[in-house]
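Novice: The task is simple: from the sequences and hints, build the whole structure.
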Amino acid sequence: MAAALIGGSFLSAFLQLLFDRMASPEVVDFFKGQKLDDRLLKKLNITLNSIVGVLDDAEEKQITKPAVKNWLTDLKDAAYEADDLLDEIASGALQSKHEVVSPRKKVRNFFSSRNPFKKGVVTQLEEILERLEYLVKQKDAFGLREGIGEKPSYKIPTTSLVDESGTYGRDDDKEAIVKLLLSDDGNGNSTGVIPIVGMGGLGKTTLAQLVYSDERVAECFQLKSWVCVSEEFDVSKVTKDILEGVTRKKCDTHILNQLQLELEEVLMNKKFLLILDDVWNDNYADWDILRMPLKSGAKGSKIIVTTRNESVALVMRTVPTHHLKELNADHCWSLFAKHAFDDGNPNALHDLEAIGREIVRKCKGLPLAAKTMGGLLRSKTDVEEWEKVLNSKLWNLTSDNIFPALRLSYHYLPSHLKQCFAYCAMFPKDYNFKKQELVFLWMAEGLLVQSQGNKELEEVGEEYFNILVSRTLFQLSTGNQSGFVMHDLIHDLAILVSGEFSFRLEADNSYKIARIVRHLSYTRTKHDAADKFEAIYEAKFLRTLFPVELSRLPPHKCIDNEVMQNLLLTFGRLRVLSLSQYDNIIELPNSIGNLRHLRYLDLSSTSIERLPEVVSSLYNLQTLILHECKYLAVLPDSIGNLSNVRYLNLFRTSIRRLPESMVGLCNLRTLILQGCRNLVQLPTNMGRLICLNHLDIGETKLQEMPLKMGRLTKLQTLTDFVLGKQSGSNIKELGELQDLQGQMCIRNLQNIVDIQDALEANLKAKRHLKVLTFRWNGETENPEHDREVLEQLHPQINLECLYIFGYGGTEFPSWVGFSSFSNIVCIELNGCRNCTSIPPLGQLASLKQLSIIDFPRLVVIGPEFYGSCLSMQKPFGSLEILSFERMLQWHELVSFKGGAFPLLQELYVRECPNLRKVVLSDHLPSLTTLKVVGCQKLLVASLPSAPRINEMRLYDDSRDWLVEKLSSGMHRLTIGTFQSLDTLYSILELKRLPSGLHRLTVRGFQSIDALNLLMEQVVTLSVTVDEIEIEECDALRFLRLNSSYQWTSKIRYPYLT
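According to mature numbering (1 follows the signal peptide of the UniProt record, and there is no 0), the stretch in the sequence shown is residues -25 to -1, 1 to 1032, in order.
Keep in mind the hints are simulated off the structure, nothing from the lab. Please note that a few of the clues may not be correct.
[Said to hold, decoys possible] Cross-link-like lysine-lysine pairs, in silico, DSBU-like; alpha carbons within 30 Å at most: (1) Lys409 <-> Lys245; (2) Lys363 <-> Lys300; (3) Lys44 <-> Lys72; (4) Lys363 <-> Lys51; (5) Lys246 <-> Lys154; (6) Lys892 <-> Lys872; (7) Lys72 <-> Lys40; (8) Lys72 <-> Lys689; (9) Lys337 <-> Lys363; (10) Lys212 <-> Lys507; (11) Lys515 <-> Lys487.
None of the values given here were measured: they were computed from a predicted structure.
Specialist: Following this line, the structure appears as structure tokens:
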């Protein structure tokens, strides 16, 4: 019955879904079982097929003909009705299949001729057919023709995300803004405000980002903060965002007065740079309140405002507005070419350049349009396809604010991607969405089409997402590297193409909600009461109900129980339901079982203690999110009935056990158990979950893995593998898991009895594993056995990070330190209590971070540490951070003749009481941070020269020897726990204080005399200090500080109560 669709219209993919549903065994069997006339079904198929051919023509004509647009809206509404009916039939069949009690009786009842559902199906189907037949007649009246507007052939690229680095034509703009930032704008002590004004898509945000990250700007300002303001201007929210930006700490209060006082204190006498991006509010009173605490900043502080509205600039500016212009033709072409051609070089396809330059000319210098059109034509080499875009009638449309080039980027999307893009219209502007979240939402709505290949639905969704990114319809969020946003103009485009089917509930628009709305979002607040939702009950066919947050809200949010009950009773066709973060929800009403169509249920961060049994009757459910439901301790024993669940997230719940019925989740792809600290055991027959791709069991108390884990051959993620006392041999099950990738920790390696079992784990073959952790309990009785086990756990050479804890051998196997591990960037060796030597790690070419911790028997680190002397490269040529901790017997590190550690930036030596010599190298040109604690015997002569060092910590056990290593460029110094006044006197001599010191931290002083001496001497001797921080000093209440010193306001007491 399925029809072959050739068009690319929005509805084409949706109608294909209907064809597939009509041909499904569930629907066909229902019609046979009910002895219904299948001519109704055939008639529906024929009617829809008669419409398919004109959809492309209708989609193009709707832009200029409102009647055609209304026709398409009516058609989509009828298609939704048909889809709901067919899904109801399929859901009934699924329920019959899963019924536990008297299954035969249930099946007979569902297919019985006495089933009342039969009459309802016939009636609804006849009504839908009547609507569709009317629409078929109308298509002829509108002159819609078949085969018009067929889209160019399209092949999904196999590339991942496109690199968006590089800008064109903004050097002069950048220099002009930087010049204003670095100059005195003549405003006395007031803060300068620089507006950047331009239409949407011109690159105002990009320009601000270029300026913000400029090195000259970074050196000029002590504090910086970036705030995306957007359309909803709330003084408290913006103030809070500024405060969190400059302090880089979360702020829990939402009280404006408290926020402003705290911000004023933080900015006091500090030179700051603030970016207020995408400002729409031109109310002077709001701006006047917002800027009050900003006045406390030092002279030269600046604010950059980006806005589309000249009125905003007039209200806020202190200097003339910088008006951003369109790009010139060459720069616009360069930007287009970067995105249109694989290597950014149009010369390789010179026959397309003439057409491309004509397309760029139509972009009229708008960077977003050039980038979008480049993404549209990326990797296409057919001249006809380029000409079709160039000659499209859509360039001539000016009926709305959507730039024609952006409309074209949508017009030439394949049908299935148009649906996915339009779905995002329900999100508010500037909403940060995650890739995985959106893929699950698309999946719940049936928008993901599996091809004939073996790709999982999740992989299909990720592919769709990446294509929309490559088309610049989605872009990475600047404030959240794991999130994505839509540009304002792109969001406007999504709203336009979605029409009335997507709705964003706001305080002032609830009266606009239409009956046909299917997807709805709203902003979650501290208390969501009944009046907020009164209007949405009009949209009784709702399929998506999704709360969002645009900013951090107080942690406690609630929804009235009556509201929740009404929502569940009213919207029986929901596919997507989120009640996340309402922490007043302690239980779900049984009415949740009415949601037969539900595919996505998010209850994360609620206070539920258990799921009702009726949840197990949601047989269509695909995604169940119980993330951080910290009171949830049990799952229903019938949870295994949810055979369609693909994603189950139990992160940080209080689950103690997983029901054995869990093995009934035959379609489960992802199981998240991370942070379930009460969980001690997995289901016995876990090996039956053969579709499982991802298993996260980190931070649990699992004591061993179940048997036959080797059956899970599709596993890609296995965070931990735990060996029990009686099941150490289970490690060989890893040998069957060939597709493991990412990171894995093997715990309780002391339980391995047979060395051969470790060999059969076959870690050498797992080329996609990047991070490996090996853990023993540190109580070995046979050091040689531990060494042999580790020898057999030789990983693949693509490894990037290696962590070894509690290893009991006296030395490491030869593979640890092999130069063939050329990708390793991080190594930690911790708690190796029998080791008397360190492996040769110096020839690991990519190693950046190395930690050696708790080697109580290690005495000397000799030349073997640096590796083979035959190598031409300097040992530890890439190392940036080096740590030694808790090495009780260690007394010497032998240097390497010829130099080593050329890039070492940070050196930490802690609790090594017998250490005398640390001769890393004669000269450490890159060292900026040196921290030595608990090394009373360390000789100053053994420390290398470090001219760039800018941070050091001095403690009582350091005596005065470390002071000789202070460089004049040091800007941060910590002095702590000095009891000896003689030592303190010597440190505080004028000639020994760093001349460039800016920040001084005083910590742990118990002697009032020592503290007073320190403060008086520092005040007298150093005039460059910008900030003094006093921590953990009980004697603080007796501090004598001469109030005549002008900079006493620089002293902070973060822990004073």
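Novice: Does each hint hold? Answer for all of them.
Specialist: Here's how the hints hold up against the structure:
{"no.": "1", "hint": "Lys409 <-> Lys245", "verdict": "36 Å, violated"}
{"no.": "2", "hint": "Lys363 <-> Lys300", "verdict": "29 Å, holds"}
{"no.": "3", "hint": "Lys44 <-> Lys72", "verdict": "42 Å, violated"}
{"no.": "4", "hint": "Lys363 <-> Lys51", "verdict": "28 Å, holds"}
{"no.": "5", "hint": "Lys246 <-> Lys154", "verdict": "16 Å, holds"}
{"no.": "6", "hint": "Lys892 <-> Lys872", "verdict": "15 Å, holds"}
{"no.": "7", "hint": "Lys72 <-> Lys40", "verdict": "48 Å, violated"}
{"no.": "8", "hint": "Lys72 <-> Lys689", "verdict": "27 Å, holds"}
{"no.": "9", "hint": "Lys337 <-> Lys363", "verdict": "14 Å, holds"}
{"no.": "10", "hint": "Lys212 <-> Lys507", "verdict": "21 Å, holds"}
{"no.": "11", "hint": "Lys515 <-> Lys487", "verdict": "15 Å, holds"}
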